[in-house]
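A.B. asks: What follows is the residue order along each chain.
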Amino acid sequence: MENPNRFWIRLTVVFVGIIAVVVLGRMAMLPESWGKYGYYRGDSIEEEAQRAMKYGTNESCKGCHSEVSELKSHSAHQRLSCEMCHAPVSEHAKGSNKFAVMPTKKGKEQIGLCLSCHQKTIGRPEKFPMIDHARHLAAQKVKPSHTCDQCHTVHAPLENINHVKDQRSLKEALNEN
Amino acid sequence: MRTKITQEYIDRDRRSFLDKVFKGTIGGSLMLMIPMHSPLFAEVLNEEKSLKDTIDPMNPNANYCFIVDVSGCIGCGNCCVADRKENDVPEGQYRTWVERYVIDMMNKVYVDAPHGGEKGYSNIPILDTIKEVKEAFFVPKLCNMCDEPSCTQVCPVAATFTTPDGFVLIDKEHCVACGYCVQACPYGVRFINEERKTADKCTWCYHRVRKGKLPACVNACPTGARKFGDLNDKESEVAKIYYSKSRLSVLKKELGNEPQLYYIDLHGEVV
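For the protein sequence lines, the chains are B and E, in the order given.
The first sequence begins at 1 in our numbering and counts up by one.
The second sequence begins at 1 in our numbering and counts up by one.
I should point out that these hints are in silico values taken from the structure, not numbers from a laboratory.
Be aware that one or more of the hints could be misleading.
Quick list of in silico lysine-lysine cross-link-like pairs, DSS-like style, CA-CA up to 27 Å [said to hold, decoys possible]: (1) E:K213 / E:K172; (2) E:K252 / B:K94; (3) B:K120 / E:K119; (4) E:K252 / B:K98; (5) E:K252 / E:K240; (6) B:K62 / E:K85.
Being a predicted model, the structure only gives us computed values, none of them experimental.
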């Protein structure tokens with residue numbers, strides 16, 4: 001005499017089997033931190049957060065180059081990031097140890113760097129100090145081969161200019177008297 | 001026997017001599033390396049610590065926000081350069097870029113972004129097509145960090161998601177580079193990274209923010225046109241702008257993505 005419930009038993013075994021496979025498979029395939037914060041791998045957040053920085057801040061440079069930092073802090077260039085013209089601090093120093101020389105821009109490269117902000121270009125706000133490079137050199141009566149830093153100290157662009165202006169006005173005042 | 005003793009004596013002597021030389025060298029160089037009681041040195045060390053080691057705990061209460069001041073952008077492209085270096089973005093792909101909108105007297109709008117604005121702009125191609133410029137401005141573009149992102153909804157393997165502190169990130173190990181999110185993003189900020197072969201996009205420099213630093217582009221911007229901060233911190237620059245009278249707008253508001261990237265005085269022509 002066959003068991004009249006044998007179909008039910010088979011069905012139950014198959015169902016339980018399927019559920020077990022799904023549960024075990026899920027456990028084996030999903031990463032450990034899955035579902036820590038939501039339906040994704042929670043550890044990937046920390047992995048991204050731990051990625052090393054390449055750019056520091058101006059504070060990173062100030063530790064060793066306090067004199068430049070001081071000069072810059074009163075000038076029109078006070079907002080500028082040091083790493084904008086030089087290179088990321090990670091290419092230059094680790095802690096207090098310097099391991100590479102910063103690419104100091106000279107000659108044509110330096111002019112290009114200055115003009116990347118100060119060349120008169122359509123779209124730039126009117127109030128921003130802009131020059132037409134060729135015209136500026138002609139107007140100042142200097143050679144076309146002049147580089148910007150021959151008149152403007154790059155860290156404090158108007159430092160020398162204002163100094164000369166002060167001297168000139170002082171001289172004129174003295175001459176008048 | 002006698003010679004052996006002498007040899008031993010000589011060896012010992014040489015050994016102690018070398019010992020002294022080594023200790024002297026190491027001691028001397030250590031004295032050179034550690035300037036005691038130097039405040040400068042301590043400062044550098046602290047800075048280095050914050051540069052590398054310390055990761056702040058996640059702050060789910062923060063409401064991070066990015067504000068771009070369109071009138072402040074001069075289109076120098078420094079943000080793009082900094083971004084490329086900070087995040088190892090392959091050449092020819094952009095996490096952030098700067099567009100230039102030029103409007104002529106007939107109210108026709110011309111948009112250009114050569115090299116994503118990374119190498120700067122010149123007048124030449126624009127002046128060839130436009131005789132008289134009525135208005136022109138630069139618009140930096142980056143990830144909008146939507147509150148209701150389209151990109152995370154479509155990912156078939158849950159490799160992109162919103163973190164508890166509100167950043168939309170990509171799990172680079174899980175991404176299968178199907179490119180669905182690239183199509184879904186209405187702002188076009190996503191791309192398939194050619195080197196890593198996964199989806200990639202601007203993260204608002206999540207790795208810097210968690211270390212208490214500003215995103216690389218904000219740090220690099222010479223005019224302060226890019227601003228980043230926590231809206232819940234009432235002292236932050238972004239909160240002061242956000243709660244002031246300045247006109248803030250978002251891109252493609254009608255899509256309902258609710259971006260957390262705001263623009264000050266954005267022109268209606270910008271899409």
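A.B. asks: In ascending order, which of the hints set out earlier in this document are inconsistent with the structure?
C.D. replies: Per hint list: 2, 4 violated.
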